[in-house]
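Visitor: When we follow the numbering used here, the leftmost residue of the sequence shown carries the number 4, and every step to the right adds one.
There could be a bad hint or two in this list.
[Unchecked claim] What follows is a set of in silico ranges between Cβ atoms, one per label pair, in the way DEER data are often shown:
1. Glu291 with Arg251: 39 to 47 Å
2. Leu153 with Glu222: 54 to 62 Å
3. Ile162 with Gly255: 14 to 22 Å
4. Arg276 with Glu249: 23 to 31 Å
Think of the hints as simulated: they come from the structure by calculation, not from any bench. As the structure is a prediction and not an experimental result, all values here were calculated from the model. Quick reminder that beta carbons are idealized off the backbone N, C-alpha and C, glycines included.
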Amino acid sequence: MNPWLRGWWLTVPVLLAGIIVAVGLMATEPRGATDEHHESSSGDSHAESSHADEDPHDKGHGDGHEDEHGARVTRIRAESARRAGIRVETAGPATLTRTVALTGTVQADPNRLAEVRPRYTGLVHTVAARIGDRVAAGDTLAVVESNDSLQRFEVRAPIGGLVVSRDVQVGQVVGDAPLFRIVDTTEVWIQLDVFGRDLARVEEGQVVNIETIDGYRLEGEIDWLSPLVAHGSQSIRARVIAANPEERLRPGQFVTADVVVDRFDVPLAIDRRAIQTMEDRPVVFVREGESFEARNLEPGREDPGRVEVVSGLEAGEEYVVEGSYVIKADLEKASAAHVH
């Protein structure tokens with residue numbers, strides 16, 4: 004057979020196999036880009052319709068809306084906000100203070116301290132008071148028999164207060180030494196240490212906000228500055244006389260104090276507890292209905308309790324003062340979901 008014909012017949016099966024494979028691939032090829040686009044548009048429309056049917060008021064936390072900086076608004080139902088401990092205040096003008104921080108201790112008022120002595124030398128027959136007893140003026144503390152007259156007489160409390168020491172026993176012969184010490188702590192002194200750097204700013208008559216180590220707070224006034232400087236510490240004493248009807252202040256107790264040395268009015272201020280940080284910027288959460296918006300805040304002057312607002316908030320707007328961490332967590336969760 005002609006060699007050319009032999010080669011052609013060998014090629015025919017290969018060509019037929021190629022045609023069969025090509026036809027099979029065309030039969031199984033997916034729809035084109037136009038069909039894909041149609042399906043995508045249809046799916047988007049269905050998703051939008053599904054979201055449109057949702058009632059936003061059925062949501063509790065996390066209904067966040069975002070701008071170019073991430074989630075800035077979340078919606079929390081009133082009942083959910085109440086349970087979460089979210090509390091709001093209204094922004095407005097305020098008087099801020101500039102203070103000096105001091106430390107000190109509570110002391111008994113020397114004018115309210117009594118040492119109780121017997122009138123005569125004699126033998127103790129009865130002791131009626133113990134350390135820690137609270138006594139009233141005129142109460143019998145002990146009974147002593149006079150060595151001279153052999154008459155028994157009562158040793159009575161000259162003031163009301165707390166028995167803080169007792170140095171007498173039944174059968175003891177007593178003379179002029181104190182038997183008891185009584186302290187009235189319904190009014191006490193708070194002695195504050197003022198160091199050199201603050202001497203020029205602390206004056207008599209200034210208001211002082213005092214707090215004990217266990218969190219008890221009170222307000223007083225400096226009524227006296229010592230003219231003497233303590234040699235070791237180079238400080239002087241500033242005294243505050245404090246009413247203590249519930250006796251929450253105890254002699255020897257440590258206290259901290261903020262002395263108000265200046266006051267100034269600002270047109271707009273908020274509670275400093277309201278300020279949170281998002282994206283390394285101070286923010287405050289503003290409530291409108293059931294929506295809470297994170298507002299960038301430009302703070303100004305401040306005192307221990309409040310911060311002046313330069314921009315970011317208007318007078319009369321309600322802002323979150325307690326529970327702001329709940330709203331911050333909601334917004335951060337929404338931002339994280341958007342990123343992923």
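Visitor: Next step is simple, just say for each hint if it's right about the structure.
Guide: Status of the hints after comparison with the structure:
1. Glu291 with Arg251: 39 to 47 Å: holds, 42 Å
2. Leu153 with Glu222: 54 to 62 Å: Since the Cβ atoms of Leu153 and Glu222 sit about 56 Å apart, the hinted range of 54 to 62 Å holds.
3. Ile162 with Gly255: 14 to 22 Å: Given range 14 to 22 Å: holds, Cβ gap about 20 Å.
4. Arg276 with Glu249: 23 to 31 Å: holds, 27 Å
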